[in-house]
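Taken in order, these protein sequences are the chains called A and B. Counted the way this note's numbering counts, the first sequence spans residues 1 to 447. Counted the way this note's numbering counts, the second sequence spans residues 1 to 447.
Treat the hints with care, as some may be off.
The list treats identical chains as one, so a pair stands whether inside a single copy or across any two.
Stated by the list, open to error - Distance condition first, Cα-Cα at most 25 Å in a straight line; then the derived BS3-like pairs of lysine-lysine:
| id | residue 1 | residue 2 |
| --- | --- | --- |
| 1 | Lys442 | Lys150 |
| 2 | Lys442 | Lys366 |
| 3 | Lys38 | Lys248 |
| 4 | Lys443 | Lys366 |
| 5 | Lys38 | Lys343 |
| 6 | Lys363 | Lys239 |
| 7 | Lys345 | Lys387 |
| 8 | Lys390 | Lys269 |
| 9 | Lys150 | Lys390 |
| 10 | Lys274 | Lys235 |
| 11 | Lys269 | Lys442 |
| 12 | Lys343 | Lys363 |
| 13 | Lys442 | Lys363 |
Source of the hints: derived by calculation from the structure; they are not laboratory data. All figures in this text were calculated on a predicted structure; none of them were measured in a lab.
2 protein chains.
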Amino acid sequence: MTDLQSVLLTDLYQLTMLQGYWREGMNDNAVFELFVRKFPPNRNFLIAAGLEQALDYLENLRFTEEECNFLQGTGFFDSEFIDWLAQLTFTGDVDAMPEGTVFFPDEPILRVTAPLPQAQLVETRLINLLQFQTLIASKAARCVLAAPGKLLVDFGLRRAHGSEAGLLAARAAYLAGFTGTSNVLAGMEFSIPIFGTMAHSYIMAHDDELEAFRAFAHAQPNNVVLLIDTYDTLKAVDKVIALAEELKRENITIKAVRIDSGDLAALAKQVRQKLDHAGLDQIGIFASGDLDEYALKRFTHDNIPIGGFGIGTKLTTSNDVPYLNCAYKLQEYASIARRKVSKGKQTWPGRKQVYRRYDASGKIEKDIITLMNDPQEGEALLQPVMKNGKRLQTPESLGAIRERTAYNLEALPSGLQTLDQTTQYPVEISPCLIRLTQEIDKKIGLR
Amino acid sequence: MTDLQSVLLTDLYQLTMLQGYWREGMNDNAVFELFVRKFPPNRNFLIAAGLEQALDYLENLRFTEEECNFLQGTGFFDSEFIDWLAQLTFTGDVDAMPEGTVFFPDEPILRVTAPLPQAQLVETRLINLLQFQTLIASKAARCVLAAPGKLLVDFGLRRAHGSEAGLLAARAAYLAGFTGTSNVLAGMEFSIPIFGTMAHSYIMAHDDELEAFRAFAHAQPNNVVLLIDTYDTLKAVDKVIALAEELKRENITIKAVRIDSGDLAALAKQVRQKLDHAGLDQIGIFASGDLDEYALKRFTHDNIPIGGFGIGTKLTTSNDVPYLNCAYKLQEYASIARRKVSKGKQTWPGRKQVYRRYDASGKIEKDIITLMNDPQEGEALLQPVMKNGKRLQTPESLGAIRERTAYNLEALPSGLQTLDQTTQYPVEISPCLIRLTQEIDKKIGLR
Numbered sequence: 001m002t003d004l005q006s007v008l009l010t011d012l013y014q015l016t017m018l019q020g021y022w023r024e025g026m027n028d029n030a031v032f033e034l035f036v037r038k039f040p041p042n043r044n045f046l047i048a049a050g051l052e053q054a055l056d057y058l059e060n061l062r063f064t065e066e067e068c069n070f071l072q073g074t075g076f077f078d079s080e081f082i083d084w085l086a087q088l089t090f091t092g093d094v095d096a097m098p099e100g101t102v103f104f105p106d107e108p109i110l111r112v113t114a115p116l117p118q119a120q121l122v123e124t125r126l127i128n129l130l131q132f133q134t135l136i137a138s139k140a141a142r143c144v145l146a147a148p149g150k151l152l153v154d155f156g157l158r159r160a161h162g163s164e165a166g167l168l169a170a171r172a173a174y175l176a177g178f179t180g181t182s183n184v185l186a187g188m189e190f191s192i193p194i195f196g197t198m199a200h201s202y203i204m205a206h207d208d209e210l211e212a213f214r215a216f217a218h219a220q221p222n223n224v225v226l227l228i229d230t231y232d233t234l235k236a237v238d239k240v241i242a243l244a245e246e247l248k249r250e251n252i253t254i255k256a257v258r259i260d261s262g263d264l265a266a267l268a269k270q271v272r273q274k275l276d277h278a279g280l281d282q283i284g285i286f287a288s289g290d291l292d293e294y295a296l297k298r299f300t301h302d303n304i305p306i307g308g309f310g311i312g313t314k315l316t317t318s319n320d321v322p323y324l325n326c327a328y329k330l331q332e333y334a335s336i337a338r339r340k341v342s343k344g345k346q347t348w349p350g351r352k353q354v355y356r357r358y359d360a361s362g363k364i365e366k367d368i369i370t371l372m373n374d375p376q377e378g379e380a381l382l383q384p385v386m387k388n389g390k391r392l393q394t395p396e397s398l399g400a401i402r403e404r405t406a407y408n409l410e411a412l413p414s415g416l417q418t419l420d421q422t423t424q425y426p427v428e429i430s431p432c433l434i435r436l437t438q439e440i441d442k443k444i445g446l447r
Numbered sequence: 001m002t003d004l005q006s007v008l009l010t011d012l013y014q015l016t017m018l019q020g021y022w023r024e025g026m027n028d029n030a031v032f033e034l035f036v037r038k039f040p041p042n043r044n045f046l047i048a049a050g051l052e053q054a055l056d057y058l059e060n061l062r063f064t065e066e067e068c069n070f071l072q073g074t075g076f077f078d079s080e081f082i083d084w085l086a087q088l089t090f091t092g093d094v095d096a097m098p099e100g101t102v103f104f105p106d107e108p109i110l111r112v113t114a115p116l117p118q119a120q121l122v123e124t125r126l127i128n129l130l131q132f133q134t135l136i137a138s139k140a141a142r143c144v145l146a147a148p149g150k151l152l153v154d155f156g157l158r159r160a161h162g163s164e165a166g167l168l169a170a171r172a173a174y175l176a177g178f179t180g181t182s183n184v185l186a187g188m189e190f191s192i193p194i195f196g197t198m199a200h201s202y203i204m205a206h207d208d209e210l211e212a213f214r215a216f217a218h219a220q221p222n223n224v225v226l227l228i229d230t231y232d233t234l235k236a237v238d239k240v241i242a243l244a245e246e247l248k249r250e251n252i253t254i255k256a257v258r259i260d261s262g263d264l265a266a267l268a269k270q271v272r273q274k275l276d277h278a279g280l281d282q283i284g285i286f287a288s289g290d291l292d293e294y295a296l297k298r299f300t301h302d303n304i305p306i307g308g309f310g311i312g313t314k315l316t317t318s319n320d321v322p323y324l325n326c327a328y329k330l331q332e333y334a335s336i337a338r339r340k341v342s343k344g345k346q347t348w349p350g351r352k353q354v355y356r357r358y359d360a361s362g363k364i365e366k367d368i369i370t371l372m373n374d375p376q377e378g379e380a381l382l383q384p385v386m387k388n389g390k391r392l393q394t395p396e397s398l399g400a401i402r403e404r405t406a407y408n409l410e411a412l413p414s415g416l417q418t419l420d421q422t423t424q425y426p427v428e429i430s431p432c433l434i435r436l437t438q439e440i441d442k443k444i445g446l447r
């Protein structure tokens with residue numbers, strides 16, 4: 001298959017608009033900001049993620065000869081325009097919230113300042129990269145809050161929407177606090193800890209379940225986690241108990257059993273009881289199968305003896321919220337602030353900054369969205385990350401981002417740490433931003 | 001970023017199981033089948049899609065030196081096992097339903113027959129590829145059924161889950177009957193017709209809306225579709241009417257206007273009236289913004305004068321059904337049929353075929369799932385597509401698949417062509433398949 005990082009991974013209208021800008025000589029600086037308009041009711045906050053891949057995309061943006069030839073053949077474009085595209089690179093500036101930062105509606109998480117055609121062209125892929133990881137990091141953070149102290153592993157590659165979704169979901173889940181992933185490529189690409197033992201097919205390919213357990217223990221003596229629900233979960237535990245005794249003589253320890261179907265809570269209690277009764281309290285219980293943050297919350301609340309969870313499909317598809325209402329909007333062109341007023345899609349104009357204030361206990365208290373030239377007390381969340389098309393810092397380690405997320409989740413007011421919304425976080429629009437908006441509306445003739 | 005077609009795009013447990021199989025010399029032929037267990041209530045049928053990419057994956061499956069080195073460093077594997085992986089290729093057979101075929105619960109859409117380790121290893125990526133395109137093709141088919149004869153364009157790249165999802169969603173939508181896509185890369189990769197004109201930012205970057213319309217018409221004289229909802233939709237139509245007169249002198253025709261916000265139905269009627277009143281009945285109306293098959297159905301029902309639709313986020317995320325309950329299960333190993341009996345996840349064992357019967361009017365009437373060695377009347381849906389690791393046919397053209405889908409949708413009973421379920425399609429399990437299942441259960445000790 002083709003290069004999945006191609007610059008042609010964009011909407012055709014970006015290129016038809018570019019031909020317009022090029023023809024009209026509209027090459028002044030434009031400012032675009034990326035934000036999420038309205039949050040769904042079951043998201044109290046979102047976690048910014050995907051910046052690393054976005055910067056990588058901008059730094060490497062080029063039209064290859066093959067791509068130019070394809071564009072020429074479409075009939076939409078002039079040859080001179082395509083010659084101009086062939087030499088295009090991204091030379092602009094980027095300010096952004098660091099990955100792992102909690103954010104709220106209408107707050108820009110990324111600003112691009114660049115000659116209009118460049119800033120326009122990158123819209124589609126920037127949204128594509130940032131919305132997806134933000135979506136998954138936010139879902140994963142909810143799981144982390146719902147199951148404090150538990151081992152959480154991303155199992156969702158198979159039902160993720162394609163290869164990149166699978167890979168980047170593993171990254172987003174890890175930076176949000178997951179322990180690791182089953183995705184081997186994510187292990188290689190991002191040094192995320194990888195987890196995995198056996199599927200039902202391994203048991204089924206053997207004529208006997210105990211024989212399958214034994215063979216696996218010999219094949220993976222340091223990684224013995226046995227899947228016990230292929231036929232009869234409780235009967236399988238008896239086999240595990242017998243095998244544990246046998247393996248002890250070979251100095252092999254069974255780390256855990258995994259349950260993947262049935263009433264996980266009820267089964268876990270029965271399995272725990274049987275294992276404890278046999279003196280095998282060091283064997284842990286790992287569960288998987290159709291899990292999400294709500295299931296985790298119930299297990300936590302009911303003190304179910306499960307030490308770790310594989311969270312799959314519902315994590316990597318963010319099934320209850322499979323997309324965010326995010327936008328990348330022109331806020332300023334040629335030093336004049338701009339505003340879209342389409343019904344239900346109005347935006348706050350101008351170059352903005354978000355200031356965050358904390359209370360005495362270290363919890364976040366209030367955010368203020370204002371214009372860049374209106375400094376406020378508090379932490380300025382958008383920071384310069386790219387200047388003239390070059391990154392200002394070396395890429396952050398995933399570990400550092402993961403710590404920032406943990407710190408951000410800790411700083412959330414307790415009413416926002418729940419799965420359902422109990423309080424609204426105050427995001428204030430500054431007087432000068434409101435004033436600018438009114439001035440533009442007057443100019444457009446709306447007031 | 002790394003190669004998104006890497007063989008490491010798999011779950012770690014596939015590789016730990018493989019080390020077990022390798023160690024135990026379990027290299028006999030295994031049969032795995034891929035199917036969807038239960039359909040969600042708002043899917044009367046699914047459309048098989050993604051086979052082309054699945055076969056491509058199998059034909060090119062290799063472990064590179066870099067990948068082997070990474071695996072060595074994880075500590076999970078023996079060196080000799082990694083040497084064995086380094087020479088692994090896929091040498092098995094594949095039978096499958098052709099892309100564009102309508103299918104129902106429990107019907108295998110793909111069967112892999114290969115030495116156990118090979119057949120096991122490919123599980124994750126096969127599901128990843130086939131479930132996603134099937135998901136999107138099925139969602140797209142619902143849009144096609146809801147808006148017969150309309151121009152339907154995939155606009156969903158930006159909120160698709162990553163690059164591959166965006167690219168393959170365009171393919172899946174097109175094969176299901178969409179007219180084209182905004183995704184330029186999909187145009188290059190799959191020769192899908194591409195569509196696109198302008199965004200709100202183009203209008204906003206100009207100081208005057210009419211000036212923006214005029215400049216665009218000159219930049220794209222053969223592709224003049226004007227976005228009219230940036231400020232005031234009805235006032236913008238007046239500008240379009242004035243511009244049409246002016247452009248006539250230059251022999252430039254305005255093809256359509258696009259509305260992207262507000263009450264699309266009400267606006268379309270008012271816009272149509274204004275255009276018709278000005279004698280501009282040749283200017284079409286194209287709508288976009290938060291659309292799905294239910295919105296299309298309402299427009300069709302109410303005869304709203306909109307000729308084309310851009311369907312974005314809800315198509316490429318399949319928002320109401322963001323994943324399918326699909327599985328790839330071991331059905332036979334070393335010539336012995338196998339069956340998983342985990343609670344709620346029981347499977348039909350053995351190598352199966354699906355026969356489809358048609359009534360006199362050409363509508364599909366009934367499917368029968370049975371064993372391969374139990375031929376039935378009707379059309380056998382699974383066909384050989386790969387033998388000893390090599391494709392049996394050259395890849396089908398997307399156009400041919402698109403025609404097959406159209407034929408399949410036409411052949412659906414009318415009760416299944418609706419968006420909500422009104423009838424259930426009969427899928428019969430053959431007596432010999434039921435018998436085999438009972439025999440296995442007896443052997444496992446369940447009955």
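Structure-based check of each hint:
In this assembly of identical chains, the alpha carbons of Lys442 and Lys150 never lie at most 25 Å apart, being 55 Å within a copy and 39 Å across copies at closest. When the C-alpha separation of Lys442 and Lys366 is checked against a cutoff of 25 Å, the pair qualifies neither within a copy, at 30 Å, nor between copies, at 65 Å. Taking CA atoms no more than 25 Å apart as the test, Lys38 paired with Lys248 passes in neither setting, with 57 Å inside one copy and 43 Å between copies. Taking CA atoms no more than 25 Å apart as the test, Lys443 paired with Lys366 passes in neither setting, with 32 Å inside one copy and 65 Å between copies.
In this homomeric assembly, Lys38 and Lys343 come within 25 Å of each other (Cα to Cα) only inside a single copy, at 14 Å, whereas the closest approach across copies is 40 Å. Neither within a single protomer nor between protomers do Lys363 and Lys239 lie at most 25 Å apart by alpha-carbon distance, with minima of 50 Å and 52 Å respectively. Taking the closest pair of Cα atoms, Lys345 and Lys387 never come within 25 Å of each other, the shortest separation being 30 Å inside a single copy and 54 Å across copies. Taking the shortest alpha-carbon separations for Lys390 and Lys269, neither the intra-copy value of 55 Å nor the inter-copy value of 49 Å comes in at or below 25 Å.
Within a single copy, Lys150 and Lys390 get their C-alpha atoms no closer than 39 Å, and across copies no closer than 45 Å, so neither meets the 25 Å cut-off. Taking the shortest alpha-carbon separations for Lys274 and Lys235, only the intra-copy value of 10 Å comes in at or below 25 Å, while the best inter-copy value is 75 Å. For a Cα distance limit of 25 Å, the shortest separation of Lys269 from Lys442 qualifies neither inside one copy, at 66 Å, nor across copies, at 29 Å. When the C-alpha separation of Lys343 and Lys363 is checked against a cutoff of 25 Å, the pair qualifies neither within a copy, at 36 Å, nor between copies, at 45 Å.
In this assembly of identical chains, Lys442 and Lys363 lie within 25 Å of each other by CA distance neither inside one copy nor across copies; the values are 39 Å within and 61 Å between.
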